[in-house]
Each structure stands twice: as structure tokens, then as C-alpha cells.
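**Student:** Each chain is listed here by its residues.
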Amino acid sequence: QKEVEQNSGPLSVPEGAIASLNCTYSDRGSQSFFWYRQYSGKSPELIMFIYSNGDKEDGRFTAQLNKASQYVSLLIRDSQPSDSATYLCAVNRSQGAQKLVFGQGTRLTINP
Amino acid sequence: DTGVSQDPRHKITKRGQNVTFRCDPISEHNRLYWYRQTLGQGPEFLTYFQNEAQLEKSRLLSDRFSAERPKGSFSTLEIQRTEQGDSAMYLCASRFIGNTEAFFGQGTRLTVV
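Chains A and B, in that order, give the protein sequences. Residues in the first sequence are numbered from 1 upward in steps of one, following our numbering. Residues in the second sequence are numbered from 1001 upward in steps of one, following our numbering.
Just so you know, not all the hints are guaranteed correct.
As the list claims (entries may be wrong) - Okay, derived cross-link-like pairs now, DSSO-like style, lysine-lysine, Cα gap no bigger than 27 Å in a straight line:
{"no.": "1", "chain 1": "A", "residue 1": "Lys42", "chain 2": "A", "residue 2": "Lys2"}
{"no.": "2", "chain 1": "B", "residue 1": "Lys1011", "chain 2": "A", "residue 2": "Lys56"}
{"no.": "3", "chain 1": "A", "residue 1": "Lys2", "chain 2": "A", "residue 2": "Lys56"}
{"no.": "4", "chain 1": "A", "residue 1": "Lys67", "chain 2": "A", "residue 2": "Lys2"}
{"no.": "5", "chain 1": "B", "residue 1": "Lys1071", "chain 2": "A", "residue 2": "Lys56"}
{"no.": "6", "chain 1": "B", "residue 1": "Lys1057", "chain 2": "A", "residue 2": "Lys2"}
{"no.": "7", "chain 1": "B", "residue 1": "Lys1071", "chain 2": "B", "residue 2": "Lys1014"}
{"no.": "8", "chain 1": "B", "residue 1": "Lys1057", "chain 2": "B", "residue 2": "Lys1071"}
{"no.": "9", "chain 1": "A", "residue 1": "Lys56", "chain 2": "A", "residue 2": "Lys67"}
{"no.": "10", "chain 1": "B", "residue 1": "Lys1011", "chain 2": "B", "residue 2": "Lys1071"}
{"no.": "11", "chain 1": "B", "residue 1": "Lys1057", "chain 2": "B", "residue 2": "Lys1014"}
{"no.": "12", "chain 1": "B", "residue 1": "Lys1057", "chain 2": "A", "residue 2": "Lys56"}
No wet-lab data here; the hints were simulated from the structure. On a predicted model such as this, the values are computed, not experimentally measured, just so you know.
Sequences and hints are given; from them, build the entire structure.
**Tutor:** The structure is reproduced here in C-alpha cells:
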């Protein structure tokens, strides 16, 4: 079992709809959780991070964390074609090191 | 440009040759990380530094790999006797110890032929 698992997709969503991306992790001791966006041929860029159970909203993005179920999700509201990218879920297992374990990423396509 | 800078952006080398990559982090970022990313996969942690001290190395980092950060500023990653399986994107990231966000460089794409 991989430490961080994501559906590789592709996930296809019509423009203006909500895109829902999911991630599960195996280490119950994981401390913090990150969502990165990566355009083809580019480096990852941080969208948002979450530490506590519940929802965290930032603009069109909402991260959801359920530590009991070891589940993290990212919702993108009002999806735009520019949101088309690979979304990487990453988990930090240690408080200080911030050494991230990444999932394989979900490729998202927003159709105009 | 005040972002994380990596050099070269692309490197093609023959199997068995040595290669060295450089990463210049954001100024005053004391943590520096190296990751490797292969096609269709997420980045995998290789090693990280706090200032000049290398604090952790992944088991992925065989004896052919060595990383340094001699003055706590830029870092180099050397791969000796390259193998085709070393072909990947090598990513560097840096952050200030009190902050959460790590910033990634554009990466060095290595192709071993």
C-alpha cells in the first residue's frame, strides 16, 4: 500500500462545475496535509495546506480533512480551464522536517 | 528573480557519466530539499539540509548520489556513474524554518542515454 494514494484520473469536469479531488494516506501520525498544482513541464506550486479536521477555504478552493478516515480532499468551485493541471496531495509526517510524501497526482481537465 | 533557481534546466548524459546539478534557494531560506520526480508520479523525497547540515537522506539515495550545501546557501546534487533509471526531474525546494510553504525551483530534467 502506498503511503499517499490518489486516483490518477484523468478527471474531466465541465467549466463552472465543482471539481472534487481525493487523497488517502496510511500513516495515522501524519501532521499536515498539502495540495499542490503542477502544470505540465512545470514545478509544483502550493494551493493550500490544512492541519485540523474539517474544512479550510481559500477563494475557490476548499480543503477537507478527516483524520479518522485518513482522508483529504480538495474542492474547486467554479472550475476554469486554467485549473486544468495535475493536483498533487502531499503529507508531512514529522512536525519539524516538513519532509513531504506525495501521491502520484490526479490529472484534472476542465472542459469549456 | 528571487525564486528558487536550478541549473541546468536540462541535461542529457551517457550512461556511466557523472553529473552535477545546482540549486540556489531563496535568500535566507535555511531549509533546502531535493526531490526526484518521474513521469506520471509525484515527487519523491531525496534529502534535506538545514543551513549546511544534511539532516536526512532517503533510502532512495544510493551511494552514487551525494548532496552538499557547503556554506548554507546553494546546494549541489551529484550523481556518479549514471544509470538509465536515474532519468527523472530533479526538484529543489526551499523554505524558511518558521514558515509552512516550501517553494520549488523549475527542476533539472535528466535524461540518461
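**Student:** Evaluate each hint against the coordinates.
**Tutor:** Status of each hint after checking the structure:
no. : hint                  : result
1   : A:Lys42 x A:Lys2      : holds (24 Å)
2   : B:Lys1011 x A:Lys56   : violated (40 Å)
3   : A:Lys2 x A:Lys56      : holds (26 Å)
4   : A:Lys67 x A:Lys2      : holds (17 Å)
5   : B:Lys1071 x A:Lys56   : violated (39 Å)
6   : B:Lys1057 x A:Lys2    : holds (20 Å)
7   : B:Lys1071 x B:Lys1014 : violated (31 Å)
8   : B:Lys1057 x B:Lys1071 : holds (19 Å)
9   : A:Lys56 x A:Lys67     : holds (14 Å)
10  : B:Lys1011 x B:Lys1071 : holds (25 Å)
11  : B:Lys1057 x B:Lys1014 : holds (26 Å)
12  : B:Lys1057 x A:Lys56   : violated (32 Å)
Figure legend: structure checked against the earlier numbered hints; hints not met, in rising order: 2, 5, 7, 12.
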